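*Asks:* Following the hints, complete the assembly by docking chain B onto the known chain A.
Here are the chains, one letter per residue:
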Amino acid sequence: MFHARRLRTAISALLFAGISTSAPVRADTPGRIDDLTPDEARGKIIYTTGRGAAGRLLYFRLLTAGDRALPANGIFCANCHGADGKGGREGNIVMADITYGTLSRPLPASPPWNKARAPYTDALLARAITQGLDSSGQQLDASMPRWVLSESELQDLLKYVKRLGSR
Amino acid sequence: MIKMSRRRWLGMAGAAVAVGVVGLPPLQREGRAAPLPPRELIRRRNFPNLVLTTHEGEQVRFYDDLIKGRFVTINMMYSSCKATCPLTTANLVRVQKLLADRVGRDLFMYSITLDPKQDTPEVLNEYAKTFGVGPGWKFLTGNPGDIEQLRRRLGFAWANQEMDKNKDFHTGNLRYGNEPLMLWGAVPGLAEPEWVSECILFADWPQNREKDRQRIAQAKSRKASGAERVGTVAPMTHDHGQH
Numbered sequence: 067m068f069h070a071r072r073l074r075t076a077i078s079a080l081l082f083a084g085i086s087t088s089a090p091v092r093a094d095t096p097g098r099i100d101d102l103t104p105d106e107a108r109g110k111i112i113y114t115t116g117r118g119a120a121g122r123l124l125y126f127r128l129l130t131a132g133d134r135a136l137p138a139n140g141i142f143c144a145n146c147h148g149a150d151g152k153g154g155r156e157g158n159i160v161m162a163d164i165t166y167g168t169l170s171r172p173l174p175a176s177p178p179w180n181k182a183r184a185p186y187t188d189a190l191l192a193r194a195i196t197q198g199l200d201s202s203g204q205q206l207d208a209s210m211p212r213w214v215l216s217e218s219e220l221q222d223l224l225k226y227v228k229r230l231g232s233r
Numbered sequence: 056m057i058k059m060s061r062r063r064w065l066g067m068a069g070a071a072v073a074v075g076v077v078g079l080p081p082l083q084r085e086g087r088a089a090p091l092p093p094r095e096l097i098r099r100r101n102f103p104n105l106v107l108t109t110h111e112g113e114q115v116r117f118y119d120d121l122i123k124g125r126f127v128t129i130n131m132m133y134s135s136c137k138a139t140c141p142l143t144t145a146n147l148v149r150v151q152k153l154l155a156d157r158v159g160r161d162l163f164m165y166s167i168t169l170d171p172k173q174d175t176p177e178v179l180n181e182y183a184k185t186f187g188v189g190p191g192w193k194f195l196t197g198n199p200g201d202i203e204q205l206r207r208r209l210g211f212a213w214a215n216q217e218m219d220k221n222k223d224f225h226t227g228n229l230r231y232g233n234e235p236l237m238l239w240g241a242v243p244g245l246a247e248p249e250w251v252s253e254c255i256l257f258a259d260w261p262q263n264r265e266k267d268r269q270r271i272a273q274a275k276s277r278k279a280s281g282a283e284r285v286g287t288v289a290p291m292t293h294d295h296g297q298h
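Just so you know, the sequences run in chain order A and B. Counting along the first sequence from 1, when you hit position 32 you're at 98 in our numbering, and nothing is skipped either side. Counting along the second sequence from 1, when you hit position 64 you're at 119 in our numbering, and nothing is skipped either side.
Bound conformation, chain B alone:
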């Protein structure tokens, strides 16, 4: 028997695997059904058609009623969250205002609770009212097992399982996308509202692209001129820490 070093053996084993990977798929495909079209693949992988309830008490199916054929944003929150969720919600209310002509018409916003036991439709309705959430933005609750499945399928779970167990560590990202176009992305929910809306528009319908470019340019020039500062008051008279 030829004496083989461990490294050499591993190298050869690796090469064999590589040959297998490169060589096998065409052979395998012959024996299988045609591969799924990508849109269908994404649907099966990411969008289970679970029944959820909106903050307005309406029963909806996640894929059929909320995602299919739509341009959407999705985030996760819970009403008793102290730091990140309320700030994110407040920031997204601003995003909703920036995209007011679109939200509810051909852009839909969804916030799914991480705490479905506490966050009944009534609790979520109160939450939406408190934050001044406008139409076209639905807060969603449901069966805890379904919500957990949704959280994993939508990519809102941590790789670190210890952290993932604690919902306090939930991600503050906003996912956005266009289902038929299969364009999906994510943006930090606490980022500048103009930038968040610019990111969302990346997944807009092609016929709106020119308008979107104009909108973004206008927002930038308004910002540069300082015309849209809200809530500004006279400069503070307190010192800057020198005393």
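One chain only, chain A, in its complex shape:
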């Protein structure tokens, strides 16, 4: 037990050393911190503020609240899914991990919260964001806003979501 822990510490020390020595090299390559394309940068604004092109206030529908779209004042992706996309839990609401590594692989059911689902594709992810259906066509939780986005806003957002967890 004690040895195992010591071994793990040694490994993580090595890994950490590896990361810190490789950091200067990585800084030159794209993909670090805020090195976003213009599309991704616009997607990030949607993700973190709920505002679209030129600061346009976005709207969303709720599964329970009928056809009418509501203004997304104070409501945006990062509020629930986190700036890192890792999600979390609040009461009996699971806020999904939407890092692209997780989205792009199938998930088994995890009762009582989640049903099994297929891997997401871009089209399926677009459908989840705008219609609230998961990759297997099942309704997402009622607390997931069904977003009203223009095609370009949706594409920007998809591009940014793909960057979540890749940094």
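These are calculated hints, taken from the structure and not from any lab test. A hint or two may mislead.
List time: in silico DSSO-like cross-link candidates among lysine-lysine, alpha-carbon distance up to 30 Å [claimed, not checked]:
| id | chain 1 | residue 1 | chain 2 | residue 2 |
| --- | --- | --- | --- | --- |
| 1 | A | Lys181 | B | Lys220 |
| 2 | A | Lys152 | B | Lys222 |
| 3 | A | Lys152 | B | Lys172 |
| 4 | A | Lys181 | B | Lys222 |
| 5 | B | Lys184 | A | Lys152 |
| 6 | A | Lys152 | B | Lys220 |
Here are the in silico distance ranges between beta carbons for each label pair [stated by the list, open to error]:
| id | chain 1 | residue 1 | chain 2 | residue 2 | range |
| --- | --- | --- | --- | --- | --- |
| 7 | A | Trp179 | B | Ala88 | 45 to 55 Å |
| 8 | A | Leu129 | B | Asp219 | 18 to 28 Å |
| 9 | A | Gln204 | B | Pro93 | 42 to 52 Å |
Because the structure is a prediction, the values reported are computed rather than measured. For each residue, glycine too, the CB sits at the ideal point set by N, CA and C.
*Replies:* The following block gives chain B in isolation, referenced to the frame of chain A:
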């Protein structure tokens, strides 16, 4: 001694209790003060006259200044809540717009924070601004002990104590009512705004009933004609999952 089965004994004990319940009240009442009028009973049970602070920094007494003689809605929220509260607030902003001619005039909306330590009047003021909350809707904070008492008295507590400890599980219901008429109800805060406002109007003053009926009928016909869809954009060109 007569041997009695357990079931028979319990049955007889039950009958004795029933006789006691039916038989006693008239006898007891003679020795007591007159029963409280129902309005007073509801006030004592549900509306403690605690001092609260609004998001505009005003000190108010819960019963005297906010509830007494009024037609109101009450819900509980907290500003750092992620999923349910912001969606509910956004939905209630829509409800407020639907009832714009009433809110602040003879209908008052109250949102009480579940997190009074974090949610100072300044924080709540910022929250109200962010969501575009209009006049006639007060966000309320206060002493944590008072807020807890209020939460229980207003029926926003869970029977399950484990769940009740975690404020993440708070109920998203909107309570509405008319204090002098003693009409009280509740509706899910995330329900369709038209339906929420229709529910609220159930507790309206009698002289407004006819107008309310017309208002509800109009809203329904507008909805049926699709005239009031907001934020609609051109249909999406992405596929429906077939690829």
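*Asks:* Return the numbers of the hints above that this structure violates; sort them in rising order.
*Replies:* none
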